[in-house]
Amino acid sequence: MIYVENLKKEFKKTIKDPGLKGSIKSFFKPQNEIITAVKDISFHVPKGEILGFIGPNGAGKSTVIKMLTGILTPTSGRCEINGKIPYKNRKNYVKEIGVVFGQRTQLWWDLALRETYTVLKEIYEVDDESFKTRMAFLNEVLELEDFITNPVRTLSLGQRMRADIAASLLHSPKVLFLDEPTIGLDVVVKDNIRKAIKAINAEKNTTVILTTHDLKDVENLCDRIVMIDKGSKVFDGDISDLKSRFGESRELNFVPENIDIIKTLDYKNEFKLSDDDFELSDNGVEVNVRFNSNKVSVEKMLNYTLSKTHVKDINVTDADIEEIIKGIYRSEVNLDA
Amino acid sequence: MRKVFKIYRPFTHAGVLIAAQYRANFFFFILGDILRCFINYFLWHAVFTSGGEKTFAGFSETDMVVYIFISFLTSVIAYSDGSYAVGEEIRDGNIAMRMIKPIRFDLAFLFQELGERLITVTLIFAPMMLGVEIYKFVVTGVIGFNIVNFILYLFSLILAYLITFYFNVCYGYSAFILKNLWGANFLKDCIVGFLSGGVIPLAFLPPVVAVTLNLLPFASQTYIPVMMYVGMFDVPTIIYSFALQIFWLIFFIILQQIIWNACVKRMSVQGG
Amino acid sequence: MKMLRKIHRMFKLHRIFIKQDLKKLMEYKIDFLTGAIGMLLTQAINIFFLSVIFARIPNLEGYSFEQIIFIYGFALLPKSIDHLFFDNLWAIGHFIIRKGDFDKYLTRPVSTLFAVTVEKFQVDAFGELVVGIMLLGYSVPKIAVSINFVNVILFVVAIFFATFIYTGVKLITSAIAFWTKRSGNITYMFYMINDFAKYPTTIYNRVVRTVITYIVPFAFTAFFPASYFITGGNVWYNIGGTVVMAVVLMAVGIFVWNKGVSAYESAGS
Numbered sequence: 012m013i014y015v016e017n018l019k020k021e022f023k024k025t026i027k028d029p030g031l032k033g034s035i036k037s038f039f040k041p042q043n044e045i046i047t048a049v050k051d052i053s054f055h056v057p058k059g060e061i062l063g064f065i066g067p068n069g070a071g072k073s074t075v076i077k078m079l080t081g082i083l084t085p086t087s088g089r090c091e092i093n094g095k096i097p098y099k100n101r102k103n104y105v106k107e108i109g110v111v112f113g114q115r116t117q118l119w120w121d122l123a124l125r126e127t128y129t130v131l132k133e134i135y136e137v138d139d140e141s142f143k144t145r146m147a148f149l150n151e152v153l154e155l156e157d158f159i160t161n162p163v164r165t166l167s168l169g170q171r172m173r174a175d176i177a178a179s180l181l182h183s184p185k186v187l188f189l190d191e192p193t194i195g196l197d198v199v200v201k202d203n204i205r206k207a208i209k210a211i212n213a214e215k216n217t218t219v220i221l222t223t224h225d226l227k228d229v230e231n232l233c234d235r236i237v238m239i240d241k242g243s244k245v246f247d248g249d250i251s252d253l254k255s256r257f258g259e260s261r262e263l264n265f266v267p268e269n270i271d272i273i274k275t276l277d278y279k280n281e282f283k284l285s286d287d288d289f290e291l292s293d294n295g296v297e298v299n300v301r302f303n304s305n306k307v308s309v310e311k312m313l314n315y316t317l318s319k320t321h322v323k324d325i326n327v328t329d330a331d332i333e334e335i336i337k338g339i340y341r342s343e344v345n346l347d348a
Numbered sequence: 048m049r050k051v052f053k054i055y056r057p058f059t060h061a062g063v064l065i066a067a068q069y070r071a072n073f074f075f076f077i078l079g080d081i082l083r084c085f086i087n088y089f090l091w092h093a094v095f096t097s098g099g100e101k102t103f104a105g106f107s108e109t110d111m112v113v114y115i116f117i118s119f120l121t122s123v124i125a126y127s128d129g130s131y132a133v134g135e136e137i138r139d140g141n142i143a144m145r146m147i148k149p150i151r152f153d154l155a156f157l158f159q160e161l162g163e164r165l166i167t168v169t170l171i172f173a174p175m176m177l178g179v180e181i182y183k184f185v186v187t188g189v190i191g192f193n194i195v196n197f198i199l200y201l202f203s204l205i206l207a208y209l210i211t212f213y214f215n216v217c218y219g220y221s222a223f224i225l226k227n228l229w230g231a232n233f234l235k236d237c238i239v240g241f242l243s244g245g246v247i248p249l250a251f252l253p254p255v256v257a258v259t260l261n262l263l264p265f266a267s268q269t270y271i272p273v274m275m276y277v278g279m280f281d282v283p284t285i286i287y288s289f290a291l292q293i294f295w296l297i298f299f300i301i302l303q304q305i306i307w308n309a310c311v312k313r314m315s316v317q318g319g
Numbered sequence: 355m356k357m358l359r360k361i362h363r364m365f366k367l368h369r370i371f372i373k374q375d376l377k378k379l380m381e382y383k384i385d386f387l388t389g390a391i392g393m394l395l396t397q398a399i400n401i402f403f404l405s406v407i408f409a410r411i412p413n414l415e416g417y418s419f420e421q422i423i424f425i426y427g428f429a430l431l432p433k434s435i436d437h438l439f440f441d442n443l444w445a446i447g448h449f450i451i452r453k454g455d456f457d458k459y460l461t462r463p464v465s466t467l468f469a470v471t472v473e474k475f476q477v478d479a480f481g482e483l484v485v486g487i488m489l490l491g492y493s494v495p496k497i498a499v500s501i502n503f504v505n506v507i508l509f510v511v512a513i514f515f516a517t518f519i520y521t522g523v524k525l526i527t528s529a530i531a532f533w534t535k536r537s538g539n540i541t542y543m544f545y546m547i548n549d550f551a552k553y554p555t556t557i558y559n560r561v562v563r564t565v566i567t568y569i570v571p572f573a574f575t576a577f578f579p580a581s582y583f584i585t586g587g588n589v590w591y592n593i594g595g596t597v598v599m600a601v602v603l604m605a606v607g608i609f610v611w612n613k614g615v616s617a618y619e620s621a622g623s
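Chains as they are written, first to last, in our numbering: chain A, 12 to 348; chain B, 48 to 319; chain C, 355 to 623.
Read the hints as simulated data drawn from the structure, not as lab findings.
The structure presented is a predicted model; accordingly, all values stated were derived computationally and were not measured.
Idealized CB from N, CA, C, for every residue including glycine.
Any given hint might turn out to be false.
What the hints assert, rightly or not - Here are some chain C residues the structure puts well away from chain A; computed CB gaps all over 10 Å: (1) I370; (2) F371; (3) G454; (4) L460; (5) P463; (6) V464; (7) S465; (8) V470; (9) Y542; (10) N559; (11) T567; (12) V589; (13) S620.
To be verified - Below, a sample of chain C positions facing chain B; criterion: calculated Cβ distance under 7 Å: (14) L394; (15) I399; (16) L404; (17) R410; (18) M546; (19) I608; (20) W611.
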């Protein structure tokens, strides 16, 4: 369905010294700097899957989405969606996809919402019959009825997002790209949007690619997640994968009286732990031990630690998804296994 | 000047920064506008060629060309965004915030605009003046620059700017009634452009009309300073014109103050 | 058949947006009126200015007052029609690209140029259109324009292609923004040259004449086609030139636009 192979995107950025002098200099002798927004990303999405595409700000998410939707041309590598290459024969390709950018509307500010859909019907060449049934379905899922006669500029943010999602689905696309569809919405509206996305996915087995900063979106919706950071993929797997690998993980944090003591601690041999199940780090004051609680109990870890050192402070925490992802964002764990 | 600058310096500084940021933009826009002067230049050239007369309403061809370019320069320098700025403040309700601040509303605007003008003036004043003087030299064969006229022009120009500024601030209050500023401002610019002699020297109009328009504040915005530069006023007219300019400046400052006081009263009674 | 359907679709889209902008006009009646009065007044003042001049001279480089008014009115027609339908090109150079709003046009299955231009119908242009028609109505009976079938066809052809000279100039200059992010000021500078077209090109010197005839050929939007109707001569140059210039400018414009879109695709925002 969607194949992405070694996708790479570089931008050329002109470096300019400040001030008028800098402008003149850069005009006659432009100096460029190459910025690699996406280094090398490969993944594959089967039909009907909801894929969560996550990563910190500036990780390259939007750049990837823009390449997949045909807005940007990749520097190298390839992507193929429905057997088509997005940036080649763009007009033909975009008929089969729907795109929503949560940050900015794609609707026309002064048109009444109903008219917006008539415009899109013409643009996407939807015939009258399918338009009718499609509108009925979207109306039901996204509850557009209350505000369909209002001009877009008068809609609330939540209404606008629903209207935008409906607009992207009018032509029954095979793939739906949602770039931060819940941004800035309150909890109730977010929940409604999520339900709608699920219903849309179920109805025609529409493939959904979703970027978000809200991990509840991911937990609620996504079959699988691809996580990227600094332009590279750092995780690719389903939620249960992430949970089973890291859901059992615990963090033991303690502050020893003398930091040199950690040299005498040998958890690995004591409990026969593999690299996957164990990781130790310190910041010169505090020691952080991440371990798999299936392999060694919390009690044993505590006892061992306390028998070897005098500690000023000690605590054990669960690692929930959010923590894991934060950890990955901070590249504290390496997932390239 | 320096002392006053110190009090409202932050505003002037902000104005300079804003204008500096847009200077490249401004430059292209001005180039586009200067084209109009050249059209008028060619048009008048053809008129003087076709007419066979040496002067029209006392203007020789050289006077006319100087008038075209200097009146353009004057209208660019003595231009004010006051009506937009005030209108915007009224529309978004910021005007209420101005009332609780211990600074004078009009002076804050004025000093910000002076900062913006600083950039404008440095960009176009010298090149255009030089261009006009070179033209005069090429056509007449003598250096026609008159330092007295130039100084009179400068004084009159400063007065013209201040009149324009206060006139626009007063006009900006119309935003309390009209919603869309663009239309209202377009209409105003069009009328003022004509009445101030920006399209055609007032001396070309029928005497009764010309005398009436001369008395109106608009003539003080462009026509009077330009005539000082061209040197077509005699001494009594110069004195009379300065008096007229000063009268209109005081008139608009007082009018502005009255409207402002009425606004404050209205706001404090109705709560905005 | 497919072509016909496509054209039908285009018109349908235009109709929706035209209706939208007319509705907005009704909503802001007073503002529209003040703007329109301003527009009318500007033109009236210009005409007054011409009449003041003509009070002192018998003719301008051999052209009578009525003939000058005919050229002037003719100039307003293509200008206002371009203004009506292709006004959104200004927004490309002013803010659409700079603010990153161009992305949405790339996700539509229609040409980006069509998607950009269709969504705005600039009702402000009605003022100029009305003045133009009025000036023609005033001047045509007073000058020796022969009204016959061929001339009516030629008139329509000339206005149609002259419109695309305006559009072409805007297209080329606003497409520069694909590389520089903003080019509204450049568009403005070139667009303002159109004012030269309102008067006979014979009043200008050689440099100006060359520029407005061959480089930014606004002379073909008014003076040349209008002088065909005034003198009845040189139809191939006066009307044919308008057609050729419009075709060339639009071809260059579409080429630059497409190049710009692909530069945008590889540079991002």
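Hint check:
{"no.": "1", "hint": "I370", "verdict": "6 Å, violated"}
{"no.": "2", "hint": "F371", "verdict": "8 Å, violated"}
{"no.": "3", "hint": "G454", "verdict": "8 Å, violated"}
{"no.": "4", "hint": "L460", "verdict": "5 Å, violated"}
{"no.": "5", "hint": "P463", "verdict": "5 Å, violated"}
{"no.": "6", "hint": "V464", "verdict": "6 Å, violated"}
{"no.": "7", "hint": "S465", "verdict": "7 Å, violated"}
{"no.": "8", "hint": "V470", "verdict": "12 Å, holds"}
{"no.": "9", "hint": "Y542", "verdict": "20 Å, holds"}
{"no.": "10", "hint": "N559", "verdict": "31 Å, holds"}
{"no.": "11", "hint": "T567", "verdict": "31 Å, holds"}
{"no.": "12", "hint": "V589", "verdict": "40 Å, holds"}
{"no.": "13", "hint": "S620", "verdict": "5 Å, violated"}
{"no.": "14", "hint": "L394", "verdict": "9 Å, violated"}
{"no.": "15", "hint": "I399", "verdict": "5 Å, holds"}
{"no.": "16", "hint": "L404", "verdict": "9 Å, violated"}
{"no.": "17", "hint": "R410", "verdict": "6 Å, holds"}
{"no.": "18", "hint": "M546", "verdict": "4 Å, holds"}
{"no.": "19", "hint": "I608", "verdict": "24 Å, violated"}
{"no.": "20", "hint": "W611", "verdict": "21 Å, violated"}
Comparing the model with each earlier hint shows violations of hints 1, 2, 3, 4, 5, 6, 7, 13, 14, 16, 19, 20; every other hint is respected.
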